[in-house]
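Trainee: Listed below are the residues making up each chain.
Number of protein chains: 4
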Amino acid sequence: MIHFDYHFKVRYKDIDQMGVMYYSRYYEYYEAARTDMMHSIGLSYKELETQGIMMPVVHSESDYLAGPEFDDHIICRTEIREIHKNRMEIFYTLAADSDMTKVINKGKTVHAFLKMNGRPTRMPESLKQILVQKWNN
Amino acid sequence: MIHFDYHFKVRYKDIDQMGVMYYSRYYEYYEAARTDMMHSIGLSYKELETQGIMMPVVHSESDYLAGPEFDDHIICRTEIREIHKNRMEIFYTLAADSDMTKVINKGKTVHAFLKMNGRPTRMPESLKQILVQKWNN
Amino acid sequence: MIHFDYHFKVRYKDIDQMGVMYYSRYYEYYEAARTDMMHSIGLSYKELETQGIMMPVVHSESDYLAGPEFDDHIICRTEIREIHKNRMEIFYTLAADSDMTKVINKGKTVHAFLKMNGRPTRMPESLKQILVQKWNN
Amino acid sequence: MIHFDYHFKVRYKDIDQMGVMYYSRYYEYYEAARTDMMHSIGLSYKELETQGIMMPVVHSESDYLAGPEFDDHIICRTEIREIHKNRMEIFYTLAADSDMTKVINKGKTVHAFLKMNGRPTRMPESLKQILVQKWNN
Chain A
8 MIHFDYHFKV
18 RYKDIDQMGV
28 MYYSRYYEYY
38 EAARTDMMHS
48 IGLSYKELET
58 QGIMMPVVHS
68 ESDYLAGPEF
78 DDHIICRTEI
88 REIHKNRMEI
98 FYTLAADSDM
108 TKVINKGKTV
118 HAFLKMNGRP
128 TRMPESLKQI
138 LVQKWNN
Chain B
8 MIHFDYHFKV
18 RYKDIDQMGV
28 MYYSRYYEYY
38 EAARTDMMHS
48 IGLSYKELET
58 QGIMMPVVHS
68 ESDYLAGPEF
78 DDHIICRTEI
88 REIHKNRMEI
98 FYTLAADSDM
108 TKVINKGKTV
118 HAFLKMNGRP
128 TRMPESLKQI
138 LVQKWNN
Chain C
8 MIHFDYHFKV
18 RYKDIDQMGV
28 MYYSRYYEYY
38 EAARTDMMHS
48 IGLSYKELET
58 QGIMMPVVHS
68 ESDYLAGPEF
78 DDHIICRTEI
88 REIHKNRMEI
98 FYTLAADSDM
108 TKVINKGKTV
118 HAFLKMNGRP
128 TRMPESLKQI
138 LVQKWNN
Chain D
8 MIHFDYHFKV
18 RYKDIDQMGV
28 MYYSRYYEYY
38 EAARTDMMHS
48 IGLSYKELET
58 QGIMMPVVHS
68 ESDYLAGPEF
78 DDHIICRTEI
88 REIHKNRMEI
98 FYTLAADSDM
108 TKVINKGKTV
118 HAFLKMNGRP
128 TRMPESLKQI
138 LVQKWNN
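Protein chains in written order, with our numbering: chain A, 8 to 144; chain B, 8 to 144; chain C, 8 to 144; chain D, 8 to 144.
Some clues are possibly wrong.
One copy or two, either will do: identical chains are not told apart, so a pair holds if it fits within one copy or between any two.
Think about it this way: if two alpha-carbon atoms lie no more than 20 Å apart in a straight line, the pair counts; the simulated SDA-like pairs of lysine to any residue are [what the hints assert, rightly or not]: (1) K92 <-> V65; (2) K92 <-> Y19; (3) K115 <-> L72; (4) K141 <-> R126; (5) K109 <-> R126; (6) K53 <-> H80; (7) K113 <-> E96; (8) K122 <-> D43; (9) K115 <-> H66; (10) K16 <-> E56; (11) K16 <-> M123; (12) K92 <-> E76; (13) K122 <-> Q24; (14) K16 <-> T128; (15) K122 <-> H66; (16) K16 <-> K53.
To be clear, the hints were calculated from the coordinates, so they are not data collected in a lab.
Throw the hints in and build the complete structure from the sequences for me.
Mentor: Structure representation (structure tokens):
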């Protein structure tokens with residue numbers, strides 16, 4: 008399994024009238040978390056785009072267990088639990104403490120691989136190698 | 008079944024570097040669609056809050072089939088397909104044409120009912136009556 | 008003067024913990040307003056981009072006089088008050104009533120004209136003609 | 008003068024079709040920057056709200072000199088240049104390098120002080136003391 012802990016603070020922009028994070032804002036933090044996870048294993052999404060590969064989200068989901076408040080410090084544990092040929096699945100578990108005992112949110116995104124002309128393609132070999140290598144360490 | 012068609016135009020703010028709508032922005036339009044659906048059957052979310060009832064999202068999901076571009080006119084068909092006691096499930100189907108033949112996105116949100124103190128409660132009787140009445144017409 | 012009234016409803020996504028619209032969200036509505044103003048005079052921003060012209064915002068500002076609440080219906084009066092050669096200035100006045108007596112916000116954006124290579128250029132002749140024609144009617 | 012450097016990375020959510028940061032997103036980073044600046048001098052906006060003081064933005068502005076791209080690392084230098092009785096003015100200077108030689112954006116926000124009933128008030132004495140003390144160090 009590949010995993011990475013992304014830390015963030017809940018901002019005023021994220022909070023709605025109920026005093027907790029608005030439901031679509033979690034997905035923005037998922038993006039930050041997975042970008043930094045990829046950096047942590049030596050992958051750059053920007054570089055992938057330069058190579059002509061896009062990784063659009065084809066599915067996203069989120070379960071909201073408790074609402075974080077303004078200024079809360081949140082950990083977003085980001086995981087790749089399996090390596091697939093044609094897609095990448097990333098899991099997110101959010102908690103307010105580093106022991107991850109009080110989970111407040113669980114999410115998932117699924118990414119396809121597309122060439123710049125919009126046609127589906129397999130996971131690039133370079134990406135696969137990095138994932139497998141990281142997996143075995 | 009209760010349904011409502013919400014129309015919107017894709018804005019520059021919604022579009023990312025790939026030239027299509029960013030994945031979290033769909034959820035903002037789901038919110039607009041369900042608020043207006045509720046208005047269309049004589050329900051006001053604002054009024055519910057005044058009565059001391061909140062309807063936080065406890066689950067959300069989205070399948071991205073094709074990416075709408077800047078300035079596209081989109082229809083978001085919003086449906087309640089079943090009436091539940093303790094939650095509300097709302098389905099969203101997005102298409103670029105009113106025949107809904109070219110579906111570009113499917114989504115779902117699940118809402119719990121909470122009192123202002125944060126404790127779960129059942130669907131308020133007033134809301135249930137409106138839904139049932141609307142359902143039978 | 009060229010003007011256009013854009014109508015919108017304040018959404019839950021826009022509202023912060025103080026119960027009023029978050030300060031950056033106004034700028035998103037300014038964008039919707041100016042895009043629709045341009046459409047109303049026969050101009051399409053999308054078409055401009057196809058012609059190789061971009062109109063990035065080089066300055067934006069906003070004065071917040073009163074905070075609109077969730078579900079409020081707002082009118083955003085959008086105006087071009089002068090025609091310039093090298094830039095476009097657009098003014099926004101927001102009110103909750105069509106008489107525009109209770110102004111809640113005033114804003115302004117300034118747009119440059121750029122070629123696709125990022126170099127500044129003058130207002131395209133086609134755009135200028137449409138503005139002048141509209142101005143004189 | 009009181010100043011603080013806030014660091015952030017430009018995310019995919021921030022980038023529009025032109026490949027640069029969308030103009031309203033800067034304001035979200037200004038908020039993160041000023042919140043952390045306040046923390047850095049021992050002030051908590053959350054605590055102010057608990058004391059019954061709100062600091063709504065009454066004016067905001069931004070000058071866009073160059074567009075940061077996805078994954079760019081940006082420094083937002085945040086400054087209080089004068090201490091006022093009835094408002095707080097905060098200045099933002101964004102650059103891609105720590106020498107602040109290549110400035111890409113300049114912004115400003117003005118904040119009023121309100122009691123929870125919405126009536127204007129002066130800067131709380133506790134806040135003023137912290138600012139003055141920090142100023143003199």
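Trainee: Could you run down the list of hints and mark each one as holding or not?
Mentor: Hints, verified against the model:
With identical chains, the CA atoms of K92 and V65 are at most 20 Å apart within one copy only, with a shortest distance of 15 Å there and 31 Å across copies. Neither within a single protomer nor between protomers do K92 and Y19 lie at most 20 Å apart by alpha-carbon distance, with minima of 40 Å and 24 Å respectively. For a Cα distance limit of 20 Å, the shortest separation of K115 from L72 qualifies both inside one copy, at 15 Å, and across copies, at 17 Å. Proximity of K141 and R126 under a CA criterion of 20 Å is satisfied in neither setting, with 28 Å inside one chain copy and 43 Å between copies.
For the identical chains of this complex, K109 and R126 are inter-copy neighbours only, at 18 Å across copies versus 41 Å inside a copy, given an alpha-carbon limit of 20 Å. When the C-alpha separation of K53 and H80 is checked against a cutoff of 20 Å, the pair qualifies only between copies, where the shortest distance is 13 Å, while the shortest distance within a copy is 28 Å. When the C-alpha separation of K113 and E96 is checked against a cutoff of 20 Å, the pair qualifies both within a copy, at 13 Å, and between copies, at 19 Å. Taking identical chains as interchangeable, the C-alpha atoms of K122 and D43 are never at most 20 Å apart, the minima being 23 Å within one chain and 33 Å between chains.
When the C-alpha separation of K115 and H66 is checked against a cutoff of 20 Å, the pair qualifies both within a copy, at 8 Å, and between copies, at 12 Å. Taking the shortest alpha-carbon separations for K16 and E56, only the inter-copy value of 18 Å comes in at or below 20 Å, while the best intra-copy value is 29 Å. For a Cα distance limit of 20 Å, the shortest separation of K16 from M123 qualifies neither inside one copy, at 35 Å, nor across copies, at 25 Å. Neither within a single protomer nor between protomers do K92 and E76 lie at most 20 Å apart by alpha-carbon distance, with minima of 39 Å and 28 Å respectively.
For the homomeric pair K122 and Q24, the shortest alpha-carbon distance between copies (14 Å) is at most 20 Å, but the shortest distance inside one copy (41 Å) is not. For the homomeric pair K16 and T128, neither the shortest alpha-carbon distance inside one copy (36 Å) nor that between copies (29 Å) is at most 20 Å. In this assembly of identical chains, the alpha carbons of K122 and H66 lie at most 20 Å apart only when taken from the same copy (18 Å versus 32 Å across copies). Only between protomers do K16 and K53 lie at most 20 Å apart by alpha-carbon distance; the minimum there is 13 Å, versus 25 Å within a single protomer.
Hints 2, 4, 8, 11, 12 and 14, counting from the list given before, are not met by this structure.
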